[in-house]
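Undergrad: If you follow the hints, you should be able to join the two separate chains into one complex; please do so.
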Amino acid sequence: MLSAHDATILATSFIVSARAVLWSLPVAIAFAYVLSRPRFPGKSVIDAFAHLPLVLPPVLIGFMMLLVLGRRGPIGGWLDQTFGVQLAFSSEGASLATAVMAFPLMVRAIRLSFEATDARYFQAAALLRAGPWDRFASVALPLAAPGVLAGAATAFAAGLGEFGAVITFASNIEGETQTLPLAIYSALQVPGGEETALRLALYSFTLAIAGLGAAEALQAWARRRLQA
Amino acid sequence: MSVLEIGAQLKRGAFMLNAKTSAPLDGVTVIFGPSGAGKSLLLSAIAGLARIEAGKIVLADRVLDAPSERVRVPPHERGVGMVFQDARLFPHLSVRGNLAYAERRAPAHKTRLSLAEAAKEFDIADLLERRVRNLSGGEQGRVALARAILSAPDLLLLDEPFAALDRPRRRAFLSSLRGIHERHALPMIVVTHQIDDAASIADHVIGLRGGSVVAAGAIAQTVATEAFQSLLDPHDVGAAVPLDALASRAQRRERAAWVRADHVLLARVRPEGISARNIWEAKVSSIKHEADGAILVGVETKFGPISARITSEAAQELELAPGKSLWAIVKAHAV
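In order, the protein sequences belong to chains X and D.
Just so you know, my numbering puts 188 at position 188 of the first sequence, and the rest follows in order with no gaps.
Add 228 to a position in the second sequence, counting from 1, and you land on the number used in my numbering.
Bound-form chain D, shown alone (with noise of 0.2 angstroms):
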């Protein structure tokens, strides 16, 4: 399995990235962090765009960079293509000139769609004609996409895309991100700094934190790990659950959600008659008193090892203790 070697170090003003990971390169890879963890500076330097002074960058077997060897391929060599923040599209041309921008430069054996297909797949083939200022954000997002995508990548970049979007505009574009890698068997590695977008569509995770890794592996493991945890904000600790499991709103194509250990409920026998629609056995395998005199309760189910916050008085009243079964309730609302 090809992967893409990380290793990059490089200075910026006082802050110093110094990663060194690797990503596989037949899935998603979510880069995690808080603000100023250095993400967006790391996908820069996989892109060529910002000079790594040391460490070396090798997608599957073309190295990229290695300033110990001398070598560097210039952004434009790389084969790898991004999506910005903020789209980025050329103001001079209209929808169909970004596009076709990019057609033009791709490589044709690597091509995996036509502009037109593109057009449609990405819903934007009434927009051709517009100029790119008459765009609303999320239009702009579609057609960043689709042009990063005719220009034939051999691996995508994604920098926080839909940070613009509300809440359901995010998770259609997180699910048609999804679809999309699927379908054109395309290596994308995304940005972002909410980890519900990260459960959502990541299959490998790279948690950052001050310039360097902190945790990285498949999603599962990684973010349940004590070093991933601590990534998160407080409220946002709790484990990542596979999407076939939870009973949920909707129908989605995301690969698992965040369930945050505030909104598990234990309980010590199995609850009836009540609204939430998860309803799980569990079994407590750690409990960690936290700052404040909550208690996190780490506990194994069928699904993997999710968490509860809960009150030392709840605590007592559940006769908590390591092994103990209980039943954990998880409401459907709040994945």
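If we strip away everything but chain X, and leave its shape as in the complex, we get (with noise of 0.2 angstroms):
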């Protein structure tokens, strides 16, 4: 049985990675499908920048974050005296860590799944009236809905295992930023705390299967209800 305490950094971990995952989705179809567009000006600019998470270190992100979005950053001061709205250290900033870590995951299927996409659609749709805007909506996006899908689902189960900028960014607070990773980590700064890590690590561990598992049947059931 789960006690209170591991029930508590599930939570947490589930409330964190899932906004996450609906925070950052809109902008990552929104870069996917530019990026799947053929070659424009600055494309390889935006693709780098959205690649940047990936090759950075997350230490390295959530510090970046803490700069611009902390309460003395730039964004993070306006936000604060504006909306009395503070990210740093916080639940929501949590996500939001996740969610910059996450993104070029997403982008990387649901791009590919935008790329997959068999243009001619588009032709049709076009000749049927439909405008740039209802092709996108009516025809790129449900023919990307497996790629969709699976970027969702994997993003998903990346951002339960994120770390580093978390910690950075939102730091380690019980039942508000202390997500599976962050609470296995703390048990190994306490002595004998061994048990207590084992225990979240096999959580950490069937999640991310269950999630991965997710994830394909999701996108298996999209493409049989694809397919031409």
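Computed footprint of chain X on chain D, listed as stretches where at least three residues anywhere in the stretch have a Cβ under 8 angstroms from a Cβ of chain X:
1) 293–305
2) 309–316
3) 326–336
In case anyone wonders, no lab produced these hints; they're calculated from the structure.
This structure is a prediction, so every number in the text was calculated from the model and none was measured.
From the three backbone atoms N, C-alpha and C, an ideal C-beta is built for every residue, glycine too.
TA: Pasting the structure below:
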């Protein structure tokens, strides 16, 4: 049975990662769609920018977020004064850090899906009077649905395990920002905490496998539905 | 009378399309030519899917493309519909979903028929709830056609939509296309490389080769020209004969039948006791010696000019000479 302590950690992980996926999904779809278009000026810059979180150390991402979004940062300060919103060291901040880290994973999966969509369907839609936005919503997105679902599920599973950026930007606050990997880390700091750490690791492992399985199943289902 | 003015210049790799012609908007125009002539590319240019580099495309009084005036109407605003060779039904929608996609986006004042009426007219009412992947090729073609008409276009382009059909189905499809054209007063431009298809449906024909228009005009006159005949395979050389002139196997809706020179016999006297159903008086108008020794004889009949391919021995026996009166015999089976 789950103890109250473990349940809190799991719930925090779940909320942080789910919110992260929800936030970064629309942006990731927009980036993926733009990047799937044929060559245009600035494409490689956008591509590199989207991939930054994948190649930079997560701690550095967290640090950069602190600089920009912290209370004394240019955007963070403005958010604090105008709306009284503080992102750093909050559950929302943990989600945002997770969202940034999961972003390239999503963009890659969704972009592949957009690129694999047959352009002939867009032509057909155009000649049925559908404009560019209409074509995106009514043809491109539904046809890319398997990739979008897979990208979201993979990002969710990866988000459950995000460590460096979260601990740097949102700190390790129990019930607020302490997700599974942070809790494992904390447990290891305490003498005799190995047992707790192992138990949490087991949850983490199970969740990750379940997430990947779900991604696979969703994708297979969506693909079956679309098969022409 | 309104026309579609076509002036389309564009390059695709080594291929150069340079077509200048026009098509009246009160009939069916066929773009005819051998494969690689640029027929589909010309259709894409009219639809706006291929961008012309120079020239001008005007639909009735609307300029669709004029690079020199920086005018370019995007495909979705042209009011031009298209039926593709490969149907291109949306795989994420049912048959009904595909039809509704078109109906929802059609301007109400231009609508010709409702979804239910279209389903009935194209004999797809029983397929409405099916997924498109479960349709046969012929069914897909009918759904694609219904979908295109539900989008209420001012002009419908068809890129060999019947290429996948066998001969009888193709006949039926062409015949129904003609019916749709007449019932809904919908101008059509149809691409084909089959001369029989062209003859059966066209009021007007544009002959294309190597990206250029070699002949264009009303079908009866145009197909008789040397330039148009040069587009044909030698064994396809012939003439379009109005269908009501022919005693044929079945009653059909098509405009004309293509009578190949190889299927026409000539006789000095009116033959009797013969199985052929079409025997017409014919006056020799031209004699052409072909490279392989055969002779192509052009004759005038009451249904217009036709031609017959005969051997030189036969020509001698017939005492062939311009102006000579003969009998032309066409086997009904051949058409």
